[in-house]
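*Asks:* Sequence:
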Amino acid sequence: MNRALAIVVAVILSPALLSHVPAGAQGQPRDEWAGTYEYTASLGRTAGGTGIVVNYTIEVTSGNSELGAVVEASGYMTDDKLRCETRTQGNRIDFHFHSYPDGGTANAYGVELYRKGDLLLSLEKVVQQKRTRYRVLWAKYNTDFKKRVFFRKTA
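The numbering used here puts the last residue of the sequence shown at 155; the count rises by one with no breaks.
Bear in mind the hints are in silico, worked out from the structure with no lab data behind them. Some hints here could point you the wrong way.
[As the list claims (entries may be wrong)] Okay, derived cross-link-like pairs now, EDC-like style, lysine to aspartate or glutamate, Cα gap no bigger than 20 Å in a straight line:
1) K125 x D31
2) K125 x E112
3) K153 x D118
4) K116 x E85
5) K125 x E85
6) K147 x E112
7) K116 x E59
8) K153 x D31
9) K140 x E32
10) K153 x E32
11) K125 x D80
12) K140 x E59
13) K125 x E32
14) K153 x E124
15) K130 x E72
16) K140 x D31
17) K140 x E124
18) K81 x E38
19) K140 x E112
20) K81 x D118
Generate the whole structure from the sequences, applying the supplied hints.
*Replies:* Here's what the structure looks like:
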């Protein structure tokens, strides 16, 4: 096979080959994303004056295991923990639903909000004026945020 044909074949086959790479292995290694990301949502007050606050935490593990993260939300009328597969691409990491902590796909109330593989959210690394933040891009994750949300890396 001549060199030009080999290059064309490699370019055409690269996307197909990458689609079979284990989760987290595409693009930037997940190790570069390993750590804890947090966001606290202050959503106002109830009629009785109670603060409506929800804390979001994303734990990204290092290594090559398929399950690379846990997404957790806790606070006002919220208690959610999801095991996720991760995929990285450039300055972004995607979180795809795998299961609840018990290994099942139904929540504590027996409701299946997500199917395995559903894209829940993504974090996009944003650097402005020597400050790094992580903008969240919501997909199927059960939330009603209307504004831009930035997580901070805490560990």
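*Asks:* Now look at each hint and say whether the structure bears it out.
*Replies:* Against the structure, the hints come out as follows:
The hinted pair formed by K125 and D31 meets the criterion: a straight-line CA distance of about 14 Å does not exceed 20 Å. For the hint pairing K125 with E112, the CA-to-CA distance comes to about 30 Å; that exceeds 20 Å, so the pair is violated. For a cut-off of 20 Å, the pair hint linking K153 to D118 is broken: about 24 Å separates their Cα positions. The straight-line distance between the Cα atoms of K116 and E85 is roughly 9 Å, inside the 20 Å bound, and the hint therefore holds.
Simply put, K125 and E85 have alpha-carbon atoms about 18 Å apart, close enough for the 20 Å limit, and the pair holds. Proposed proximity of K147 and E112 is contradicted: the alpha carbons are some 27 Å apart, above 20 Å. Restraint check: the Cα-Cα separation between K116 and E59 comes to about 19 Å, which is no more than 20 Å; the hinted pair holds. Proximity of K153 to D31 is assessed by CA-CA distance (about 14 Å); at most 20 Å being required, the pair is judged to hold.
Distance restraint check for K140 and E32: the Cα-Cα separation of roughly 25 Å exceeds the 20 Å cut-off, and the hinted pair is therefore not satisfied. Proximity of K153 to E32 is assessed by CA-CA distance (about 12 Å); at most 20 Å being required, the pair is judged to hold. As the CA atoms of K125 and D80 are separated by approximately 24 Å, the hinted pair breaks the 20 Å bound. Proposed proximity of K140 and E59 is supported: the alpha carbons are some 19 Å apart, at most 20 Å.
Note on K125 and E32: the hinted pairing holds, with a Cα-Cα distance of about 11 Å set against a maximum of 20 Å. Note on K153 and E124: the hinted pairing holds, with a Cα-Cα distance of about 12 Å set against a maximum of 20 Å. Taking the CA atoms of K130 and E72, the gap is near 28 Å; set against the 20 Å cutoff, the hint is violated. As the CA atoms of K140 and D31 are separated by approximately 25 Å, the hinted pair breaks the 20 Å bound.
Of the supplied pair hints, the one linking K140 and E124 holds, its CA atoms being roughly 16 Å apart against a limit of 20 Å. Proposed proximity of K81 and E38 is supported: the alpha carbons are some 14 Å apart, at most 20 Å. With a C-alpha separation of about 13 Å, the suggested pairing of K140 with E112 holds against the 20 Å cut-off. Only pairs whose Cα atoms come within 20 Å are accepted, and K81 paired with D118 is accepted, the gap being roughly 15 Å.
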